[in-house]
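*Asks:* Listed below, chain by chain, are the residues.
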Amino acid sequence: MTGAIPTEPLTLLDRLWRDHEVARREDGASLLWVDRHLVHEGSHHAFAKLADRGLHVAEPGLTFAVADHYAPTRDRAGGPDQAREMIARLTRNAEAHGIRLYGLRDPRQGIVHVLGPEQGLTLPGLSIVCGDSHTSTHGAFGALAFGIGATDVAHVLATQCVWAAKPRAMRLTFRGKLAPGVTAKDMALGWIARFGADAALGHAVEYAGEAVEALSMEGRMTLCNLSIEGGARFGLIPPDAKTIAYVDGRAHAPGGAKWDDAVATWGVLRSDPDARFDREEEIDAATVAPTVTWGISPEQALPIDASVPHPSDTRHPEAALAALDYMGLKPGDPLESVRVDRVFIGSCTNGRLEDLRAAAGILRGRKARVPGLVSPGSSVVKSMAEAEGLDRVFREAGLEWVDSGCSMCVGMNGDLAKAGERVASTTNRNFRGRQGRGARTHLMSPAMAAAAAVTGRLSDVRALQANAATIEVAAGEGAA
Amino acid sequence: MSGWTVHSGRAVALMADNIDTDQLIPARFMSVPRSEGYGQFLLHDLRFDDTGASTGLALDAVPGASVLIAGRNFGSGSSREAAVYALVDFGFRVVVAPSFGDIFAANAVNNGLLPAIVSEAEARVLAQAAEDGMAAGGAQARVDIKAGRLRVQDTTARFALSDIDRTKLMQGWDDIDLTRAHATEIAAFRAARRAVPGAWPAGAGT
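Protein chains in written order, with this note's numbering: chain A, 3 to 482; chain B, 92 to 297.
Just so you know, not all the hints are guaranteed correct.
If you only want the chain B side, here are some residues facing chain A, beta carbon under 10 Å, derived [what the hints assert, rightly or not]:
hint, residue
1, D113
2, S122
3, P124
4, S126
5, G162
6, S167
7, G168
8, Y176
9, P189
10, S190
11, I194
12, N201
13, T270
14, R271
15, F280
Hints are computed from structural coordinates only; laboratory data are not their basis.
The structure presented is a predicted model; accordingly, all values stated were derived computationally and were not measured.
Idealized CB from N, CA, C, for every residue including glycine.
So here's chain A without its partners, still in its complex pose (with noise of 0.2 Å):
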């Protein structure tokens, strides 16, 4: 177009965090607008903030409050009393303030981040916040989603606005394609281990490249859901015909003429080809490979083929020393001979439908030789789970399935390992005592822990994946 005034190419961090500015202080700090509000039993702070100097919610409409951390598991009556007063507590407050709740008993009830896309809260162009650093799995779908602390909330609550600084871009390209077997958390382990869990501070990180865009929605959140984990506090992916397709149709998305209004307004969700990003990094997706971690920090991960490292070969030589102490590791072992005592599939990383699918994959017609839990991401995962069989699939390897919540990835509801246990997990955070005070905790992907779950010790998925082929082919043979 001739006479057009050239613009500056923008990067999708720059066209959310512009269509969201409310005003700029002369600092630098944006006031942003916050389309969506997500709060949980945690929120007990910033309501008693609110409560302190008597304001009410600005915005209910946009608030959503979910009961999750706390959620008992195995019997929605019970669990230890700090738990029920939590719930009871984000109840209370909910009902005071006029804010949609999603309690134990609701149907859609289910970890934030998986409910939140399951019920068209999230959609792409929303600015979304919650008091959790998962809050970077909405981005997936190409919302400018972060977590915030308890003052942050009470602003949130009091305002419907948010102070931040803008992040710098971060773009991370996955070239090529995946090989069989390796999956989103592999992908996210693996950018971590390369980078070191605090490469992406100050950064939104927008994930690209053909391995990015052959995900599927939960794969995508996966990855986004573990940005914080590589020290981003944003994750981002561009919207595309996928996303779309997995908005359509859901409780509060927009329907009619205002959904194709919105289609409309989501094809502008991406950066520019010629953007500049304050970083830049490309990993060959084939390259890849089912990965484990084996410290306490994300970023101490390897490929499941290798052996527990000698401190001297890692980045950080005394970190990796207090790590192996800790976990009860010893330099040279085979990882894959290092025996687990239980494991737990679920959490807002891994606790969708794919990731029960893929787990069941791996353990149907087998037996768990350790005892697990598999908890649904939410509770709609867990009546299409049931739909599907899967959870027989679960009961008959000898693992419990049980209801919906946070569960083993954070142990607030009751749900933890022992000191000393070594626990295969498909959860975000292997940190010291996170699932229990001297608990030992591997992540990686629920076909992993599916596979720890049959041997007893942590495994590479792909040859019990070749196995499965082969039996199937022999009863093929048989048949005919």
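Once you have looked at the hints, place chain B on chain A.
*Replies:* Relative to the frame of chain A, chain B by itself:
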């Protein structure tokens, strides 16, 4: 929250990388109201063994310590502001480290706790100075936000802090009051936002 510019106190070092928020305050303590004081929970499982006896961490050897020197990626992990409450209620006003979790740093500044960034080499030297001062009941420290400088015993260093955080720590602003000054802009933004398809949830009537 009141603002501050200069702080003098005693420094203590805890030179591990990745002291995450689960270590700063284990999740089981987070249902307690703030009024009960969170200092007792700070780094609980590192400071106390299973029987509740002290493990002799430096933190407990320097009464009244208010400047903490630590390794990289301090406060990584969850958004739990309780991690900051634990540090503040224990008496800390400053944490010095090579890097901080983004959400932790924001929470810290919201509570008047300075996250001061120094290089890894400087953190090690400052930690040594803090350890050298242990015999005398804790190293003397002085931190000047405006100048961006800090001193532990005779060791000095410049620290990095964004303009946004510097201003906020010094002014001790209450964000809610500050935001109210933007009421007109917020109302105008809201009105424009209402026209954006999807900006309000469909079928959200309860």
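*Asks:* Going through the earlier hints one by one, which of them does the structure break, listed in rising order?
*Replies:* none
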